[in-house]
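The whole structure should be built from the sequences, with the hints applied where relevant.
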Amino acid sequence: MRVDCNAFIGAYPWRKVPYTSPGEVLKALDRTEIDVAWITHLPSLFWRDPTEGNGWLYKTARNEKRFKPVPSVHPGLANWEDVLSDAANSGAPAVRCDPMYLGLDPAGGEMRVLAAACGASRLPLILAVRLEDSRQRHPNDRAGDLPAAAVRALIRSDADVRLLVTHADRGFIEEVHFGSTPDEARRLWWDICWIWGPPEDHFATLLDTVGHERFVFGTGQPLRLPENSIAKLDLLDLAREQRDAIESKNIQGLMA
Amino acid sequence: MLVDVHAHFLHARTPRADWRERNVSRLTAGAKIGISVHVASILGSWGLTSPIYFPSPRDVSAGNDALLALQREQPDAIRGYACVNPNYTAHARAEILRCLDAGMIGIKLAASRRADDPLLDPIAELARERRVPILQHIWQHRRRDWPGQEASDALELCALACRHPDVAFILAHIGGGGDWLHSLHAVTLVPNVYVDLSGSGVDGGMLEACIESVGVGRLLWGTDLTMDTGWAKLRYLETLLSKDELALVRWKNAARIFPPGAFPAD
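Keeping their order, the protein sequence lines are chains G and C.
Heads up: take any position in the first sequence, counting from 1, add 1, and you land on our numbering.
Heads up: take any position in the second sequence, counting from 1, add 7, and you land on our numbering.
Bear in mind the hints are in silico, worked out from the structure with no lab data behind them.
Quick caveat, the model's predicted, so the values are computed rather than measured.
Any given hint could turn out to be false.
Label pairs and their calculated CB-CB ranges [what the hints assert, rightly or not]:
#1 Glu-214(G) - Lys-39(C): 22 to 28 Å
#2 Asp-170(G) - Lys-39(C): 20 to 26 Å
#3 Thr-56(C) - Pro-14(G): 44 to 50 Å
#4 Arg-123(G) - Val-31(C): 43 to 49 Å
#5 Leu-27(G) - His-189(C): 30 to 36 Å
#6 Asp-238(G) - Ala-254(C): 25 to 31 Å
#7 Lys-39(C) - Ala-117(G): 44 to 50 Å
#8 Pro-271(C) - Lys-250(G): 40 to 46 Å
#9 Arg-241(G) - Ala-109(C): 42 to 48 Å
#10 Leu-196(C) - Arg-123(G): 56 to 62 Å
#11 Gly-155(C) - Glu-25(G): 38 to 44 Å
#12 Arg-241(G) - Glu-219(C): 39 to 45 Å
#13 Asn-141(G) - His-192(C): 16 to 22 Å
#14 Ser-22(G) - Ala-254(C): 29 to 35 Å
Sample of chain G residues with no beta-carbon within 12 Å of chain C, all distances over it, derived [said to hold, decoys possible]:
#15 Pro-23
#16 Asn-80
#17 Ser-91
#18 Arg-123
Pulled a few chain G residues facing chain C out of the computed Cβ check, cut under 10 Å [stated by the list, open to error]:
#19 Lys-17
#20 Ala-29
#21 Arg-32
#22 Thr-33
#23 Gln-137
#24 Pro-140
#25 Trp-195
#26 Trp-197
#27 Pro-199
#28 Glu-201
#29 Gly-221
#30 Gln-222
#31 Leu-226
We put the CB at the ideal spot given by N, CA and C, even for glycine.
What follows is the structure, encoded as structure tokens:
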């Protein structure tokens, strides 16, 4: 069983990205033997109201059992609590909020209130550090990377919130993990898509220092090749149970 | 056969205490991926006694010596680029000759001097005489100067390549950061510039754009600092290309631009 907790459907506004339709993402899942993908509507991440893409997202996920919807929520908009209710009622495994793309203070009051509400609703909150390497972005794509300090602030802001942080590199993960108490760190999960493999062996190091139970399989597709996260695992000598944990079982802990 | 045209190794006189582990890791991962030959460079002291991208002549020679030693230890698996700093013309030319005579098969230019600078001409001339390619570090679409390097972008490499049409230039790590589409547009019509697919970037659509811009005949497979991304791109290429096309990217294009006999199956 392989679950991709970090996938998108739909066009990207800043460059041409092929194979973004539901059918094409399904083909990529087949190609890479991914059983289930948690999907977010990519274009609406950049809309003033990102929740306007959620209706399409739910409909798409209803039509394909391998897709699980991860709706976007904007805590600066009046409807945000309804979005959480809809997500819970629709069986969404998590909700996503990327404050840097929404122009929000990533550790500000709105995000803290959202984090607390997600904790109360037992809905994990997904945040991306980035979607693209900052060195290659469109000149008008000026959203900064999510600061590690914001993740530390959010995990401390509510005792029930669980965060899944995607597109984080080794330095970011270490800074947050070892900047948190063990209890806080147990409520943090990391997707593996941005972590380097050999020869630098950042991923192997993190599995040793942070622990394999904190990592979940994610790809960032179709913005990134899903083959990368699989290659990263294939380059490790993981015990079967460790690999299973990363590919599917750890995510159960996130949703528990 | 699989040739990694963009590899690096470390050595004892660098800031990295884990240099042995990193070298072993590269070779171990290479065995899993199926890499037949790592064509590698060492950039001086990697910052210990002179900057990575502005290595002193002494560090250049020490780094090349370390690479030659690795090549002697692993003669089947490791080949070398002679890394030089073009600001020291006489040393650079002497170092290239010394390293090629000792068995290296290419020249590595990092970011010590802009690629279109006339100081690179005597190096390109040597590359032509000895029929070896030049791997040029590239910042894909450099919009400003970045600290620690005098990086070049594809337009500047193409200016050099047009002055030396008989030399094969390798545009380094198309996935290594920056606007790769800018680079691909620049190199489309410059037939002696080859695109190295290495780098940490695994952007959806990047490989299709590479194929569309220069065709499979000018693509070279490589890893640089992230072998997982290299393997991912190779796996994806297996779904895009025919077996014959894939062989070009895996090694046959490399065999064409490196000296005859550089690789076992050549």
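Comparing the hints with the structure gives:
Remark: the range hint 22 to 28 Å for Glu-214(G) to Lys-39(C) is upheld by a beta-carbon distance near 25 Å. The given range of 20 to 26 Å is respected by Asp-170(G) and Lys-39(C), whose C-beta atoms sit roughly 23 Å from each other. The supplied range of 44 to 50 Å is met by Thr-56(C) and Pro-14(G), whose beta-carbon atoms lie about 46 Å from each other. Taken as a hint, the range 43 to 49 Å holds for the pair Arg-123(G) and Val-31(C), whose Cβ atoms sit roughly 45 Å apart.
Range check, Leu-27(G) to His-189(C): about 32 Å between beta-carbon atoms, so the 30 to 36 Å window is met. Distance hint for Asp-238(G) and Ala-254(C): a CB-CB separation of about 29 Å, consistent with the stated range 25 to 31 Å. Hint check: Lys-39(C) to Ala-117(G), Cβ distance near 45 Å, so the stated range 44 to 50 Å holds. In this structure the hint that Pro-271(C) and Lys-250(G) lie 40 to 46 Å apart at CB holds, the actual value being about 43 Å.
As the Cβ distance of Arg-241(G) to Ala-109(C) is approximately 46 Å, the hint placing it in 42 to 48 Å holds. Checked against the hint of 56 to 62 Å, the pair Leu-196(C) and Arg-123(G) passes, with Cβ atoms roughly 58 Å apart. Checked against the given bound of 38 to 44 Å, the beta carbons of Gly-155(C) and Glu-25(G), roughly 40 Å apart, stay inside it. In this structure, Arg-241(G) and Glu-219(C) meet the distance hint of 39 to 45 Å, their C-beta atoms being roughly 41 Å apart.
Between Asn-141(G) and His-192(C) the CB atoms are about 19 Å apart, so this pair conforms to the stated range of 16 to 22 Å. Remark: the range hint 29 to 35 Å for Ser-22(G) to Ala-254(C) is upheld by a beta-carbon distance near 32 Å. At roughly 15 Å, the least C-beta separation between Pro-23(G) and chain C is larger than 12 Å, which holds for a residue marked as non-interface. Distance check on Asn-80(G): its Cβ is at least 31 Å (rounded) from any Cβ of chain C, clearing the 12 Å threshold; non-interface status holds.
Taking the minimum C-beta to C-beta distance to chain C, about 27 Å, the non-interface status of Ser-91(G) holds against the 12 Å cut. With a least CB separation of 33 Å from chain C, Arg-123(G) remains clear of the 12 Å interface cut-off, as annotated. Look at Lys-17(G): its Cβ gets to within about 6 Å of chain C, closer than 10 Å, so that hint holds up. Because the smallest distance between the Cβ of Ala-29(G) and any Cβ of chain C comes to about 9 Å, under 10 Å, the interface hint for this residue holds.
Because the closest C-beta pair between Arg-32(G) and chain C is about 6 Å apart, less than 10 Å, the hint holds. For Thr-33(G), the interface hint holds, since its Cβ comes within 10 Å of a Cβ in chain C; the closest pair sits about 9 Å apart. A least Cβ separation of about 5 Å between Gln-137(G) and chain C falls short of the 10 Å threshold, and the interface hint therefore holds. Annotation: Pro-140(G) was flagged as interfacial toward chain C, and the flag holds, the nearest CB pair being 8 Å apart, inside 10 Å.
Hint status for Trp-195(G) relative to chain C: holds, with the closest Cβ pair at about 9 Å, below 10 Å. For Trp-197(G), the suggested interface contact is upheld, since its CB lies about 5 Å from the closest CB of chain C, less than 10 Å. A least Cβ separation of about 4 Å between Pro-199(G) and chain C falls short of the 10 Å threshold, and the interface hint therefore holds. Interface hint status for Glu-201(G): upheld, as the beta-carbon distance to the closest one in chain C is roughly 6 Å, under 10 Å.
Because the smallest distance between the Cβ of Gly-221(G) and any Cβ of chain C comes to about 9 Å, under 10 Å, the interface hint for this residue holds. Given hint, Gln-222(G) at the interface with chain C, holds; its Cβ is 7 Å from that chain's nearest Cβ, closer than 10 Å. Because the smallest distance between the Cβ of Leu-226(G) and any Cβ of chain C comes to about 4 Å, under 10 Å, the interface hint for this residue holds.
Checked against the numbered hints given earlier, this structure breaks none of them.
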